[in-house]
Structure formats: C-alpha cells, structure tokens
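J.: Here is what each chain is made of, one letter per residue.
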Amino acid sequence: MATVELRFSALPEHVRTARLVAAAVARRAGVDEAVLYEVRLAVGEACSRAVGLHVSNGVSAPVQVALTEEEKKFSIEVGDEAPRAVPGRATDSDGAGDAPAGDESGAEAEDEMGLAVISGLVDDVEVTSDEAGGVIRMSWPTADASTPS
Amino acid sequence: MDLSLSTRTVGDRTVVEVGGEIDVYTAPKLREQLVELVNDGSYHLVVDMEGVDFLDSTGLGVLVGGLKRVRAHEGSLRLVCNQERILKIFRITGLTKVFPIHTSVDDAVSATD
Numbered sequence: 001m002a003t004v005e006l007r008f009s010a011l012p013e014h015v016r017t018a019r020l021v022a023a024a025v026a027r028r029a030g031v032d033e034a035v036l037y038e039v040r041l042a043v044g045e046a047c048s049r050a051v052g053l054h055v056s057n058g059v060s061a062p063v064q065v066a067l068t069e070e071e072k073k074f075s076i077e078v079g080d081e082a083p084r085a086v087p088g089r090a091t092d093s094d095g096a097g098d099a100p101a102g103d104e105s106g107a108e109a110e111d112e113m114g115l116a117v118i119s120g121l122v123d124d125v126e127v128t129s130d131e132a133g134g135v136i137r138m139s140w141p142t143a144d145a146s147t148p149s
Numbered sequence: 150m151d152l153s154l155s156t157r158t159v160g161d162r163t164v165v166e167v168g169g170e171i172d173v174y175t176a177p178k179l180r181e182q183l184v185e186l187v188n189d190g191s192y193h194l195v196v197d198m199e200g201v202d203f204l205d206s207t208g209l210g211v212l213v214g215g216l217k218r219v220r221a222h223e224g225s226l227r228l229v230c231n232q233e234r235i236l237k238i239f240r241i242t243g244l245t246k247v248f249p250i251h252t253s254v255d256d257a258v259s260a261t262d
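Protein chains in written order, with this note's numbering: chain G, 1 to 149; chain A, 150 to 262.
If you're looking for bench data, these hints aren't it; they were derived computationally from the structure. Wrong hints could be hidden among the right ones.
Said to hold, decoys possible - Using 27 angstroms as the maximum straight-line C-alpha spacing, the simulated DSSO-like pairs for lysine-lysine come out as follows: (1) G:Lys72 / A:Lys237; (2) A:Lys217 / A:Lys246; (3) G:Lys73 / A:Lys237; (4) A:Lys217 / A:Lys178.
As the list claims (entries may be wrong) - Label pairs and their calculated CB-CB ranges: (5) G:Glu70 / A:Ser153: 33 to 43 angstroms; (6) A:Gly243 / G:Val127: 13 to 23 angstroms; (7) G:Glu5 / A:Ser155: 31 to 41 angstroms; (8) A:Leu236 / G:Ser56: 26 to 36 angstroms; (9) A:Asn231 / G:Pro141: 22 to 32 angstroms; (10) G:Ala2 / A:Leu236: 27 to 37 angstroms; (11) G:Val127 / A:Ser253: 30 to 40 angstroms; (12) G:Pro141 / A:Thr245: 24 to 34 angstroms; (13) G:Leu36 / A:Asn231: 13 to 23 angstroms.
As the list claims (entries may be wrong) - Residues from chain A that keep clear of chain G, each with C-beta distances beyond 12 angstroms, as calculated: (14) Asp189; (15) Gly190; (16) Val254.
Built from N, CA and C at the ideal position, the CB exists for glycine as well.
Let the sequences and hints guide you as you build the complete structure.
T.: Here's what the structure looks like:
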C-alpha cells in the first residue's frame, strides 16, 4: 500500500499541492535534499500532463498520485483515466477523437516536452497507457539508514 | 507562492521581472503579459527569472511562444537566470540553444549580437 495517496480534481490549481505533498513525503522517506527540486518538477510535469489529458478528453475522474516509501527507494505513480487508442485494436473512439490539427499539435508538443523533462530528470521512469488510462511510474533512491525523527 | 510580474523600460528594452512559480496554473498569466507587451509594440524583451522559484515545461512553452511573437517583429527575447535548478530544465529540453541566457539584467539589456 502507498505511504500517501492523493486524489485531486483535474484542475491546474491543484498541481502545486501535489508537488508540495510529494516533496514533503520524499523528504521524510530520505530522498536527498539536492534531488527534492527534481522530485517536485517531475511530479508537477506528470500531474500537469494528467490534468491536460483529463480536460481534453472530458474525463471527470480525479487524477491519482501514489507516493510509496520502499526499501532503499521512494516511488511515485501518477495515474490518469484518459483513454488511449491501443495500436492494432479497434475501439469505439477510433477516429472520433481526432481534433483539428492546429490546437492539437500545440498540446501534443507541450505533452512531449513534459515527458522529455521527466525522462531527462529521472533515471528510473516508466510510462504506460491503455484504453483505461495511463500511469507514469518514477523512483528515486533513498538514504540507506532513515532514522525516525 | 503565486506568480508575480512587473515590467519596466530600460532604453529600447522592456524588462519583465518574474517572481514565484511558473507552472500549469500560473503560466497563462505570463503568456498574457508577453502577448500584451508585443501587442503594445514592445519587441525587445528581457525576462528576469532571478526571482523564479519553480519553472516547468508549461512555463517553457510560454517563453517559446513569446520568442516566436517577438521574432515575428524582428525583436528579441533574452533571459536572465543564474539558478542552476532553473537552468537545468533549459538544458534538458535543449532550449539553452534557443534563448540567449544572461547572468544579469545589465548584461541582457546591453547585449546586441
């Protein structure tokens, strides 16, 4: 089970809250102080992306963030419920979701930049998605001996 | 912390001093400010980021948008930033090659290239 779980309405104003909570839990878990800004940035990027996907797909479900203290590492999962077309499988939404090229390309470019930032920052990262939504999993090493305060 | 914005004119340059956090929530305010400046005829902008605590890809997107706008008028957009953690996101995304980044407002204001 996650150490701390967060569910928030897919609105841009809540992304900062998710960043702050993630950084606070990461600090407690023993993630190096020097890396905490990167944790904030990566979580922020993942949550911004999830919010964008929910908004553009009209998904009313909340964005989910799971923060888990594990042995020697701290992991974060950011989950969205925006359906993706799975290659090679026909779905009802095939073709229907094609938006006019103009706006879509801008949103896609921003989405790609967010993912580029995450993969540039985090060594251990995994991005998956299917017709039920997507998950970004990231983890950072923690100090071996985390002493209770 | 929210986003703070203030502008001043130095010679033919307009300095936009940004403070606080530039993210998916606050970036639209910065976008509005840059659009307004360009619409009012300010095509040589210096964005002073020394007071910025946080910058994400949405913020980068707004800065790139600002650069496109001023370039359409043969203008310029220079950044002032000395903070390693802010500079890192420019490096990761390759944008250090796109923006002239200066260490001080004086330097940015007097730069010509």
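J.: With reference to the structure, classify each hint as holding or not holding.
T.: Evaluation of the provided hints:
{"no.": "1", "hint": "G:Lys72 / A:Lys237", "verdict": "holds (26 angstroms)"}
{"no.": "2", "hint": "A:Lys217 / A:Lys246", "verdict": "holds (15 angstroms)"}
{"no.": "3", "hint": "G:Lys73 / A:Lys237", "verdict": "holds (23 angstroms)"}
{"no.": "4", "hint": "A:Lys217 / A:Lys178", "verdict": "holds (17 angstroms)"}
{"no.": "5", "hint": "G:Glu70 / A:Ser153: 33 to 43 angstroms", "verdict": "holds (39 angstroms)"}
{"no.": "6", "hint": "A:Gly243 / G:Val127: 13 to 23 angstroms", "verdict": "holds (20 angstroms)"}
{"no.": "7", "hint": "G:Glu5 / A:Ser155: 31 to 41 angstroms", "verdict": "holds (39 angstroms)"}
{"no.": "8", "hint": "A:Leu236 / G:Ser56: 26 to 36 angstroms", "verdict": "holds (31 angstroms)"}
{"no.": "9", "hint": "A:Asn231 / G:Pro141: 22 to 32 angstroms", "verdict": "holds (29 angstroms)"}
{"no.": "10", "hint": "G:Ala2 / A:Leu236: 27 to 37 angstroms", "verdict": "holds (33 angstroms)"}
{"no.": "11", "hint": "G:Val127 / A:Ser253: 30 to 40 angstroms", "verdict": "holds (39 angstroms)"}
{"no.": "12", "hint": "G:Pro141 / A:Thr245: 24 to 34 angstroms", "verdict": "holds (28 angstroms)"}
{"no.": "13", "hint": "G:Leu36 / A:Asn231: 13 to 23 angstroms", "verdict": "holds (20 angstroms)"}
{"no.": "14", "hint": "Asp189", "verdict": "holds (24 angstroms)"}
{"no.": "15", "hint": "Gly190", "verdict": "holds (25 angstroms)"}
{"no.": "16", "hint": "Val254", "verdict": "holds (24 angstroms)"}
Going down the numbered hints, you'll see the structure goes against none, and every one checks out.
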